[in-house]
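Given next are the chains, with one letter for each unit.
Protein chains: 2
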Amino acid sequence: MAPVRLGWASLLNMKNTALSELGQRTAEPPIAWLMKAVLDHPRLISLAAGFTDPQTLPVRETRRLLAEILGARAGGRAALQYGSTAGDEELRQLTARRLRQADESAGANTDIYDAERMLLTHGSQQFLYLLTEALCDPGDIVLVEDPTYFVYLGIAQSHGLRCRGIRLTPDGLEVGHLEQVLETLRRSGELRRLKMLYLVSYFQNPTGITTSLARKRAALELLRHYERHAGHPIYLLEDAAYRDLRFAGEAVPSALATGRLARRVIYAGTYSKPFATGVRVGYGLLPPELFTPAARLKGNHDFGTSHLLQKLLARALDSGAYAAHQQVLQARYAAKAGFLAAALRRHFPPGVEWQKPGGGLYIWARLPRCRRTGPRSKVFRQALAREVLYVPGIFCYAEDPARPRPDHEMRLSFGHASQAAMREGIKRLGAVLARLC
Amino acid sequence: MAPVRLGWASLLNMKNTALSELGQRTAEPPIAWLMKAVLDHPRLISLAAGFTDPQTLPVRETRRLLAEILGARAGGRAALQYGSTAGDEELRQLTARRLRQADESAGANTDIYDAERMLLTHGSQQFLYLLTEALCDPGDIVLVEDPTYFVYLGIAQSHGLRCRGIRLTPDGLEVGHLEQVLETLRRSGELRRLKMLYLVSYFQNPTGITTSLARKRAALELLRHYERHAGHPIYLLEDAAYRDLRFAGEAVPSALATGRLARRVIYAGTYSKPFATGVRVGYGLLPPELFTPAARLKGNHDFGTSHLLQKLLARALDSGAYAAHQQVLQARYAAKAGFLAAALRRHFPPGVEWQKPGGGLYIWARLPRCRRTGPRSKVFRQALAREVLYVPGIFCYAEDPARPRPDHEMRLSFGHASQAAMREGIKRLGAVLARLC
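Residue numbers (my numbering), protein chains in the order written: chain S, 1 to 437; chain G, 1 to 437.
Just chain S, same shape as in the assembly:
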């Protein structure tokens, strides 16, 4: 019998990878897969992208603001030099003040809106990454909404975290279910691995749901109650990415407006989506004990976000250009959400449930449970064959042993697509659903 030929690598027991555990865990994100679908179908109507409306991008305003900043020699030089790791002082102040004003109606404790606790980041995504890194070890548990923002699931997955889903109702987080999950974790002795509840609180990605202040308060009280069993603080990470994109309904104060309970709130916000996604500036307001570790990590990541971009945002806020642009956006997205809703009413079969949101970029559509929407489903494949793309709902659910991942929903975005594209896309999708459902 001829000897088996072994390659040099296997002879020497050589791995072809030197990757770390994190590097090996980090999986392909669904977004890469969706982008590939876009590339493979150049005529595709994408209702999947979380991109903002190209026509609303503030090209002229940005040009003017940058010309002003770079028109003055001293200011221009400052903008082109390194800033500090935590961020530009002026922008930290302006951001803290805006947050305080937005919560004013709730009579919040104003000490908490302190620029000294404000960390500016390269988009709020970086802030979410830094916080997760600072708080969570592999095997730790994070509570998330069921469903939640799928890119956050990617961060959690790469860090080897276990996510547990908390159900949503039209008013936001289902507090009874939160209590049930906390109690289950207490009984199984896993509460000491629980680090935080990650909550996309405004016009949630993907469902469009907003969690009321009362529910945020109730959630914080529950977390506080279970801390004694955890043996350490349990934080609420409030991701308010879509707060500035409200076009209907009452303003809801943030979890920072909960008095003493706010000590456990980490607030993440962004200027990218409400101004220009090509300008990546986000921010976080942190409890003091977390500020220093997060700022040190930021120092290791990049020792500070581009100073030029921070100066641009500071000037946009200070000059009123940001507020003016927000109004343009709100009017635009109100119209586009209405347009998408009208198309859904007209073209989708009656068994499909959805709600018109008061802000954000998304409508979440639920098919009857028997009908799958995942990437290998008939619905998805037939939609793609008709050159229409949506985000399969299953991508937005964590792996959770308490339930199988629901697979009968879809996220539809009114952000990027034009009205004509939305109409045509929903018409085609409706035809697919009418035939299959």
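If you're looking for bench data, these hints aren't it; they were derived computationally from the structure. It cannot be assumed that every hint is accurate.
A pair holds if it fits inside one copy or across any two, identical chains being indistinguishable in the list.
Claimed, not checked - Below, computed lysine to aspartate or glutamate pairings styled on EDC-like, alpha-carbon distance capped at 20 Å: (1) LYS427 <-> GLU116; (2) LYS356 <-> ASP53; (3) LYS36 <-> GLU21; (4) LYS36 <-> GLU89; (5) LYS356 <-> GLU250; (6) LYS36 <-> GLU90; (7) LYS427 <-> GLU353; (8) LYS36 <-> GLU116; (9) LYS356 <-> ASP171; (10) LYS427 <-> GLU387; (11) LYS378 <-> ASP407; (12) LYS36 <-> GLU387; (13) LYS378 <-> ASP40; (14) LYS356 <-> GLU424.
Just so we're clear, the structure is a prediction, and the values are computed from it rather than from any experiment.
With chain S's structure known, arrange chain G on it following the hints.
Chain G alone, transformed into the frame defined by chain S:
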């Protein structure tokens, strides 16, 4: 006896931290400490900062380039929209081409300069972070120059890595010492924990030393030889941050120009220092097996560097503005390095050794070994009392059981300080040294 009163937290065995191991490990960076010294001494002459010369910042050019980009509607919108995670296609192409051209003299294998392997990041610091995260677990070993870039030591420390120092000679990395360290690791069975050699190859921070192509090749051959004992690839991470800031001497090709050996080279570069530090755009050219993990991590970090900044750099490169600015910088730093050297010749006592560099931002001064320069030393305190700041050499040395950390050197920067400030600063520092040495 009265009962001891225990707080609620200690009664319940409550930790006041929920930090991860990474979060707990991440130490205060030396840079924070130096910045505090600057704040406490407002009249300080800082020869410590790695900031670039404010007078050379391209304020007018940046204004013009941005006005052009934002002057065209379609281009302006594209710049203000999200880009892709790996980076702007045009900038990846331009960057790959520039690298290939810079190495042309060495007759390099041109296949390796492939835009598909190019990852654009928020400064090259972010690239160093991503790579370290992708390759290294706590307890892993990274070889570094002795001394090395102190912010990299912060990344390594926060990840729980062990650094081992490789000595430098005026021609760069001491290859004999590298072999000795590799052999020691082989004997102790620790080679399987070795992931890479991190090398700041051009006008090194802090010493100003450049490692020749021959030494880079010899280092790669050694790493390759020891791979069989490691059981996995051992990479060379070449940090070429100062390559574009050469003002004297011959151009040295990168480690990418080593033919087959280049398969193990990870090349990190930046546009921030040679253009404007407030514009954070860096890049890395990666072996194919590392590109995907690094790009996925980048997706989790921020799904792509600010598109506006990338478009700015692409236009600066394409229009020739970048090359023109490089010439301005080179002339300026040549003059400033000469000026700092003249001041050292005049004011420093003869026992202090230093070398005039051919590029970069730093001169490294060595005192007699008996004389300490660390943050608690007489030299440092007396310098600070005279309002002069330098970077203590000890910050640039890894913790390495093979030797105590040397504490008789200082990093002096000719980047940010004016000529008048340099003259006065060196005069005062010279007086301190003359008295103490």
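Results for each hint:
1. LYS427 <-> GLU116: neither (51 Å within a copy, 38 Å between copies)
2. LYS356 <-> ASP53: This pair counts as within: shortest intra-copy Cα distance 18 Å, inter-copy 54 Å.
3. LYS36 <-> GLU21: neither (26 Å within a copy, 36 Å between copies)
4. LYS36 <-> GLU89: between (40 Å within a copy, 15 Å between copies)
5. LYS356 <-> GLU250: Close inside one copy (15 Å), not across copies (66 Å); limit 20 Å.
6. LYS36 <-> GLU90: between (40 Å within a copy, 19 Å between copies)
7. LYS427 <-> GLU353: within (16 Å within a copy, 77 Å between copies)
8. LYS36 <-> GLU116: For LYS36 and GLU116, only the inter-copy Cα distance (15 Å) is at most 20 Å; the intra-copy one is 42 Å.
9. LYS356 <-> ASP171: within (14 Å within a copy, 67 Å between copies)
10. LYS427 <-> GLU387: within (12 Å within a copy, 72 Å between copies)
11. LYS378 <-> ASP407: within (12 Å within a copy, 69 Å between copies)
12. LYS36 <-> GLU387: Within. Shortest intra-copy distance 13 Å satisfies the 20 Å Cα cut-off; inter-copy 58 Å does not.
13. LYS378 <-> ASP40: Within one copy only: 19 Å inside a chain, 67 Å across chains, cut-off 20 Å.
14. LYS356 <-> GLU424: Close inside one copy (19 Å), not across copies (68 Å); limit 20 Å.
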